[in-house]
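2 protein chains.
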Amino acid sequence: MSAPFWSSEPDELLRVGPDFRLRSVDPGSKPGTDADREAGRAELARASEELRELQQKLFAQSRTGARDRLLVVLQAMDAAGKGGIVNHVFGALEPYGLALAAFKAPSAEEREHDFLWRVEPRVPGPGVIGVFDRSHYEDVIVQRVRSLAPPEEIERRYEAIAEFERRIADDGVRIVKIMLHISPEEQAERLLARLDEPEKHWKYDPGDVDERLRWAEYMEAFQAAIDRTNAPHAPWFVVPADAKWYARVAVQRIVLSELHGIDPRWPAGDFDPEEQRSRVERTLDLRWP
Amino acid sequence: MSAPFWSSEPDELLRVGPDFRLRSVDPGSKPGTDADREAGRAELARASEELRELQQKLFAQSRTGARDRLLVVLQAMDAAGKGGIVNHVFGALEPYGLALAAFKAPSAEEREHDFLWRVEPRVPGPGVIGVFDRSHYEDVIVQRVRSLAPPEEIERRYEAIAEFERRIADDGVRIVKIMLHISPEEQAERLLARLDEPEKHWKYDPGDVDERLRWAEYMEAFQAAIDRTNAPHAPWFVVPADAKWYARVAVQRIVLSELHGIDPRWPAGDFDPEEQRSRVERTLDLRWP
Numbered sequence: 001m002s003a004p005f006w007s008s009e010p011d012e013l014l015r016v017g018p019d020f021r022l023r024s025v026d027p028g029s030k031p032g033t034d035a036d037r038e039a040g041r042a043e044l045a046r047a048s049e050e051l052r053e054l055q056q057k058l059f060a061q062s063r064t065g066a067r068d069r070l071l072v073v074l075q076a077m078d079a080a081g082k083g084g085i086v087n088h089v090f091g092a093l094e095p096y097g098l099a100l101a102a103f104k105a106p107s108a109e110e111r112e113h114d115f116l117w118r119v120e121p122r123v124p125g126p127g128v129i130g131v132f133d134r135s136h137y138e139d140v141i142v143q144r145v146r147s148l149a150p151p152e153e154i155e156r157r158y159e160a161i162a163e164f165e166r167r168i169a170d171d172g173v174r175i176v177k178i179m180l181h182i183s184p185e186e187q188a189e190r191l192l193a194r195l196d197e198p199e200k201h202w203k204y205d206p207g208d209v210d211e212r213l214r215w216a217e218y219m220e221a222f223q224a225a226i227d228r229t230n231a232p233h234a235p236w237f238v239v240p241a242d243a244k245w246y247a248r249v250a251v252q253r254i255v256l257s258e259l260h261g262i263d264p265r266w267p268a269g270d271f272d273p274e275e276q277r278s279r280v281e282r283t284l285d286l287r288w289p
Numbered sequence: 001m002s003a004p005f006w007s008s009e010p011d012e013l014l015r016v017g018p019d020f021r022l023r024s025v026d027p028g029s030k031p032g033t034d035a036d037r038e039a040g041r042a043e044l045a046r047a048s049e050e051l052r053e054l055q056q057k058l059f060a061q062s063r064t065g066a067r068d069r070l071l072v073v074l075q076a077m078d079a080a081g082k083g084g085i086v087n088h089v090f091g092a093l094e095p096y097g098l099a100l101a102a103f104k105a106p107s108a109e110e111r112e113h114d115f116l117w118r119v120e121p122r123v124p125g126p127g128v129i130g131v132f133d134r135s136h137y138e139d140v141i142v143q144r145v146r147s148l149a150p151p152e153e154i155e156r157r158y159e160a161i162a163e164f165e166r167r168i169a170d171d172g173v174r175i176v177k178i179m180l181h182i183s184p185e186e187q188a189e190r191l192l193a194r195l196d197e198p199e200k201h202w203k204y205d206p207g208d209v210d211e212r213l214r215w216a217e218y219m220e221a222f223q224a225a226i227d228r229t230n231a232p233h234a235p236w237f238v239v240p241a242d243a244k245w246y247a248r249v250a251v252q253r254i255v256l257s258e259l260h261g262i263d264p265r266w267p268a269g270d271f272d273p274e275e276q277r278s279r280v281e282r283t284l285d286l287r288w289p
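Protein chains in written order, with the UniProt record's numbering: chain A, 1 to 289; chain B, 1 to 289.
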């Protein structure tokens, strides 16, 4: 019997608590495990099966009225690995029960409305795992750093987000908010790697360098957003992300923990199986043409 | 060197041609291959890699303005395997480039509008592979069989569908329409299997037996829909589906063929890589905190 992959639960280790300081989190650390990359890949594959079965049950039970669903919010600096999390963790799920929303800079029409106007329709329906690749937190992070909204508007938004998340949580949405935390050194390596490979050029945006130069301001904005919106019904998790494999298994484990918390069950049918069996059996001689 | 999995291209063998008769298609046949189920599974896994790379390129090139995208319409009798196709063929794709729309019986609001009103917003955007699990064809198949719309309205809809598909094809949407064709005998076995396993009860709907009893009328409605809407820019494929493994690899191969037809390419960036490399390198000493 080999040692378990996790020596402590990342769900507990990475959850933001009182007096949380972002600067105390080492992006290169791997809380909860001493395993290496190869073991991480094996764990990712193993736990994908567990995740898929829970998702199937979550989706199935929604067909008979259960309202539970999960919303995973992903926020990070550029090149921190959001895309890899979506592809490698959530890509293992069945398409029926997954709803991905990738939020870009708001369109002209979206800017005409309140910042939550475009978010509300993307909240997952019953039985579905929703994933936000960027989210309404852009409206208090990049908009704060780039002064795209005045300070009093940013203040208003923290309150609006807290009320919004409270409301959807009351309607059955489990909310998990994840910051993938990379170091500026690791980001530089990843940006250079994108420039090295022509197949990755489409992922490179020259504007990412401009944002990179405001690193300290971004970290302040993340810290403020976390301070203002962390709540038991909508907790933040800060996941060290310099090692891609670690970030993936850690996010996967956090999601698994939430799904186990929901504890979805295969629903019973609202019919008598024996009666239905007889009905089908009476049609066994049906042929076509 | 082992024999190739496909001896003839299913894209050609299963494509509906002139004088097509549904009753001539054997749901238990496996056109284009002599392989068995185990080889089918291996082929599905192999070709999934090919599919994923094409999808990545399709998505990537849309970021720089290419408008190509693919719409796959799945229609079938109950228990014919649509869900398995979605999970096992399209589930292999990256979530970013996949948009699944599962159409149920129309809501009260949807019934207030023209039948294409709910379909238009689900047409995939550039770079995306859209999959319709049921579609606007329900409006000329189940609605015809169940007399939910008068014959002249069904007539109008055939024309409306042809115009709709012509228009979106002109805008860059490749359309592939697939009927999964099972036999009534195979359907009975699958319905009984759902009743055998409590974990599958949620998939069983007593109404499926009522529809089953109208098999001949459904086949007439499929034949009419195919006759009226088959077009070079929006072809129908009828896929024998009594063997699930065959239907999966056949649909996968048809989709691959369409993607090869688009021939997506990694897009070049609209920047000078050397200049960007220098910009990033000038920030290499950035540290935080």
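Calculated from the structure, these hints are not laboratory results. A portion of the hints provided could be inaccurate.
Partial selection, computed: residues in chain A whose CB lies under 10 Å from chain B [said to hold, decoys possible]:
| # | residue |
| --- | --- |
| 1 | G17 |
| 2 | F20 |
| 3 | G83 |
| 4 | W245 |
A few chain B positions that, by computed beta-carbon distances, are all more than 10 Å from chain A [said to hold, decoys possible]:
| # | residue |
| --- | --- |
| 5 | P4 |
| 6 | A45 |
| 7 | R63 |
| 8 | V86 |
| 9 | G91 |
| 10 | L116 |
| 11 | E152 |
| 12 | P198 |
| 13 | N230 |
| 14 | V238 |
| 15 | L256 |
| 16 | D263 |
| 17 | R277 |
Glycine residues also receive a C-beta, built at the ideal position from the N, C-alpha and C atoms.
So which hints don't hold here, by number, going up? 1, 2, 4, 7, 8, 9, 12 and 17
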